[in-house]
Amino acid sequence: MIGTSHGPYEVTNKLGEGGMGEVYLARDTKLGRSVALKVISEAVARDPERIARFEREARALAALNHPSIAAIYGLEEHEGRQAIVMELVEGPTLADRLIRGPLSVAEAMKIARQIASAVEAAHKAGIIHRDLKPANIKVRPDGTVKVLDFGLARALDPSRPREAESGGRHVTPETKTVMSPAVTEVGVILGTAAYMSPEQARGELADEQSDVWSFGCVCYEMLTGRRAFKASTVAETMAAVLRADVDWTALPVGLSPLVREFLVRCLARDPAERLHAIGDMRLAIEGAFDRAVAPAAGARSGGRRVAAALLGSALLVAVAATAFVWGAARPSGSTVVSRLQMLVPPGQHFYFNGRHLVAVSPDATMVAYTAGLGLWLHRLDDLEGRPVPGAELEARSPFFSHDGQSIGYYAAGELRRVPANGGAPVTIGRAVNPWGASWTADDVIYYGQGPDGIWRLPASGGTGERVIEVQPGEQAQSPHLLPDGDSLLFTLLPARIGSWNRAQIVVQSISSGDRTVLVSGARDARYLSTGHLVYAVNGVLFAASLDVSSRQLGPAVAVARDISDGGNVTGGVHYDIAASGALVYVPRTSVALRLTWVDPNGVETAIPAEPRPYRHPRVSPDGSRIAVEVEDAGNTDIWVGDQRRGTFSRLTIEDDVDSDPIWSADGSRIVFSSVRGAAGLFWMSADGTGSADLLTNATGGVRAFGWTSDGRLLFEELQGPDVRLLSPGSGAAPELKPLFDSPDYFNEVLPALSPDGRWLAYQSTESGQMAIYVRPFPDVSAGRWEVSEGSGFAPLWSHDGRQIFYRSPTSLMAVSIRTSPTFGTSTPRPLFSLADYVLAGTRGIRYDVAPDGRFLMLKDDTGVSAAQSRVIVVQNWFTELERLTAGR
Numbered sequence: 065m066i067g068t069s070h071g072p073y074e075v076t077n078k079l080g081e082g083g084m085g086e087v088y089l090a091r092d093t094k095l096g097r098s099v100a101l102k103v104i105s106e107a108v109a110r111d112p113e114r115i116a117r118f119e120r121e122a123r124a125l126a127a128l129n130h131p132s133i134a135a136i137y138g139l140e141e142h143e144g145r146q147a148i149v150m151e152l153v154e155g156p157t158l159a160d161r162l163i164r165g166p167l168s169v170a171e172a173m174k175i176a177r178q179i180a181s182a183v184e185a186a187h188k189a190g191i192i193h194r195d196l197k198p199a200n201i202k203v204r205p206d207g208t209v210k211v212l213d214f215g216l217a218r219a220l221d222p223s224r225p226r227e228a229e230s231g232g233r234h235v236t237p238e239t240k241t242v243m244s245p246a247v248t249e250v251g252v253i254l255g256t257a258a259y260m261s262p263e264q265a266r267g268e269l270a271d272e273q274s275d276v277w278s279f280g281c282v283c284y285e286m287l288t289g290r291r292a293f294k295a296s297t298v299a300e301t302m303a304a305v306l307r308a309d310v311d312w313t314a315l316p317v318g319l320s321p322l323v324r325e326f327l328v329r330c331l332a333r334d335p336a337e338r339l340h341a342i343g344d345m346r347l348a349i350e351g352a353f354d355r356a357v358a359p360a361a362g363a364r365s366g367g368r369r370v371a372a373a374l375l376g377s378a379l380l381v382a383v384a385a386t387a388f389v390w391g392a393a394r395p396s397g398s399t400v401v402s403r404l405q406m407l408v409p410p411g412q413h414f415y416f417n418g419r420h421l422v423a424v425s426p427d428a429t430m431v432a433y434t435a436g437l438g439l440w441l442h443r444l445d446d447l448e449g450r451p452v453p454g455a456e457l458e459a460r461s462p463f464f465s466h467d468g469q470s471i472g473y474y475a476a477g478e479l480r481r482v483p484a485n486g487g488a489p490v491t492i493g494r495a496v497n498p499w500g501a502s503w504t505a506d507d508v509i510y511y512g513q514g515p516d517g518i519w520r521l522p523a524s525g526g527t528g529e530r531v532i533e534v535q536p537g538e539q540a541q542s543p544h545l546l547p548d549g550d551s552l553l554f555t556l557l558p559a560r561i562g563s564w565n566r567a568q569i570v571v572q573s574i575s576s577g578d579r580t581v582l583v584s585g586a587r588d589a590r591y592l593s594t595g596h597l598v599y600a601v602n603g604v605l606f607a608a609s610l611d612v613s614s615r616q617l618g619p620a621v622a623v624a625r626d627i628s629d630g631g632n633v634t635g636g637v638h639y640d641i642a643a644s645g646a647l648v649y650v651p652r653t654s655v656a657l658r659l660t661w662v663d664p665n666g667v668e669t670a671i672p673a674e675p676r677p678y679r680h681p682r683v684s685p686d687g688s689r690i691a692v693e694v695e696d697a698g699n700t701d702i703w704v705g706d707q708r709r710g711t712f713s714r715l716t717i718e719d720d721v722d723s724d725p726i727w728s729a730d731g732s733r734i735v736f737s738s739v740r741g742a743a744g745l746f747w748m749s750a751d752g753t754g755s756a757d758l759l760t761n762a763t764g765g766v767r768a769f770g771w772t773s774d775g776r777l778l779f780e781e782l783q784g785p786d787v788r789l790l791s792p793g794s795g796a797a798p799e800l801k802p803l804f805d806s807p808d809y810f811n812e813v814l815p816a817l818s819p820d821g822r823w824l825a826y827q828s829t830e831s832g833q834m835a836i837y838v839r840p841f842p843d844v845s846a847g848r849w850e851v852s853e854g855s856g857f858a859p860l861w862s863h864d865g866r867q868i869f870y871r872s873p874t875s876l877m878a879v880s881i882r883t884s885p886t887f888g889t890s891t892p893r894p895l896f897s898l899a900d901y902v903l904a905g906t907r908g909i910r911y912d913v914a915p916d917g918r919f920l921m922l923k924d925d926t927g928v929s930a931a932q933s934r935v936i937v938v939q940n941w942f943t944e945l946e947r948l949t950a951g952r
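Residue numbers 65 to 952, in our numbering, belong to the letters of the sequence shown in order.
Heads up, some of the hints might be wrong.
For lysine to aspartate or glutamate, the following EDC-like pairs were computed, each having C-alpha atoms within a straight-line distance of at most 20 angstroms [as the list claims (entries may be wrong)]: (1) Lys294 with Asp311; (2) Lys923 with Glu668; (3) Lys294 with Asp309; (4) Lys94 with Glu140; (5) Lys174 with Glu154; (6) Lys923 with Asp663; (7) Lys174 with Asp160.
Calculated directly from the structure, the hints in this document are not laboratory data.
Let the hints inform the model, and build the full structure from the sequences given.
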């Protein structure tokens, strides 16, 4: 097809394909413009019904003339195949945009208004779309929306009976399923189940109100980042359309109450109760009814009468009255809730995502966060954040003092503090891998140390004291002292649970040890001066009233959504709440990444695999296959695929977290971390046959990294962190002695063995910053060499053992290695920039090297990974909290 001509149109490239045909990029040789050519597929070219449908599409499109509808230029036939010549619309589809998560209210409403206007124009022309969905909507770079593919639309002739739409045949209960616009007589789904109206799902004929329903589904998804009706199969999705409730609490709180009510009406299952005309939705978005119902002072009833006259329908009167009453009941002096977005400076991204990333000062005038490798402070009266001098490296887990004058953080095995208004950082005391900290009014810092319980330390400096012990296998983090001065609120991960999604929010007395479980299946709680307990469940913040003395918790309500967290590395959630009432958080965004080969010169070769939220890619020993973890709605599984064809299939199917795959030396098995029942290492056949077998339990997170020459598995526990060895299949327990005999705060992680098994590279903070070191193996005490210059992360060996690769904050680096007669290295040299690749995250290794020397990278073509590094600030959030929890 490419290189051929259809009349004056020369085909130059293929753009895509669907159930009825292919779409090509073509050049109009007469007018000198690029067009889209939709050519009917050979498989259906001889089907009279589909040919007729194709021609109806052309006539339907030709009848429309609207700036938000892709125009049709003509109809061509060439060698028995017909083609529609259409306007070429640049830009991603709305479906592509939604991969990145929900839109802001302003952006969603701008797009929704244009969609509604386009469909309204089509309805006025007697045309219904029948397949309105994000994939059929394009958003040009200038923000213009184009509704595409009225491929299922049929012109409604008002002079003919309704059954004329089905070719003159009367639609009876016995025939309506096969006659449905949703399902053809050969059972092919024409529409998309998640956006079908209930009447389409039941096999009934669609009308304008079916488009209203689909429009409501699209709006809901833009605002929430999730489908209103979603299931694992088409049948289940259609069943959800017919019966499931919509989660209206997911809508952003900044959405106009009037628009919200109209949106609810768009998704009324009974067409008689549904919004009758999509033009009314357009008017609501434009604020026409807001203006109509705004009463003059002292003229409330008259305002309502004016609104009724202007709205012209009982439904709109009811909505307007509701909006007016809400506005009238609002106190005239009420505090305005406002939202703003802080962007992390260019070139800086969030690191150490397993720890708390963000903190807000008690008076909500400053926000501290960790990005790049250091601590940043953004004052609300400033345009951008600025690095905190002296805290540029290895800073993590920021928290403010009770008076807001100092910022605490963790770095290189120490808790440190730095004046918020400038000054040198000061060491408070040693701390082993602390998770979450809080600074009390009496200048005491409480912090969690996972399996070592809860500790406290004077903010003026000294030695930590453990105040709450946990049982073997338990982990505790994020402590906060309650107003009685004796009770600690913290997150507890019970023994043999493994997943932080199943953790508990507990209160325990320091003096008596009495413990009460407040919430199960939650993490990272705060107690507020409003009397509410706030905690997180899978990215959603919930609030419930808490009686501290009786430890009784009231009913909970969702108060904020899409909050990022530390995954299963820790129970930390990336939010904080100021004493003055502001909420700050890092929004959760799912980024679809591409698996990409990059040679040492930076030249890319795309792998033809579908973009997904990939993490931790690993190349098989022969270079032919890739194992990678993929996250979907809080669940993470291992996928395995052919790197040349780009075909991937799911290896693990447990409804939990399976992560960090590595290949066995012969490529027959994959070892991975899991929390299925308990945290540990498992392995299974790489072809998916058989079951996953447990290799070893762990008290916390655990991940494998490689194999010794004698077949032992090198792995690390995340709660030490300690590097250990295990002999799979022997039945023996892991070697208990850590590989490194050094202080815990040196933080040796991410070990990598040389191909000959004689040398061990690893990442460590032993010099005061994260750097790459090499030791002999197995006798790691026989020498130590630092091979990186400046900060270094995630070492890997070349397959010939002659180079070590690692990533600096900006580039992928290479170091040549000499092992004879003595160990020596070259000066590190940069290979290529890492600016376009996703490397930061809760785990340290996000790339791999193949036997042919190419690097397997995760690339973000959308630029969303950079946009992820942002902080949302909700000022006067307590006002919103009180409204959402009223009556609870």
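Checked hints:
Only pairs whose Cα atoms come within 20 angstroms are accepted, and Lys294 paired with Asp311 is accepted, the gap being roughly 12 angstroms. About 10 angstroms separates the Cα atoms of Lys923 and Glu668, which keeps this hinted pair within 20 angstroms; it holds. For a cut-off of 20 angstroms, the pair hint linking Lys294 to Asp309 stands: about 11 angstroms separates their Cα positions. Straight-line distance between C-alpha atoms of Lys94 and Glu140 comes to about 14 angstroms, which keeps the hinted pair within the 20 angstroms bound.
For the hint pairing Lys174 with Glu154, the CA-to-CA distance comes to about 18 angstroms; that is within 20 angstroms, so the pair holds. For the hint linking Lys923 to Asp663, the alpha-carbon distance of about 14 angstroms falls within 20 angstroms, and the restraint holds. Distance check on the hinted pair: Lys174 and Asp160 sit about 17 angstroms apart at the alpha-carbon level, within 20 angstroms; holds.
Against the hints set out earlier in the document, no violation occurs for any number.
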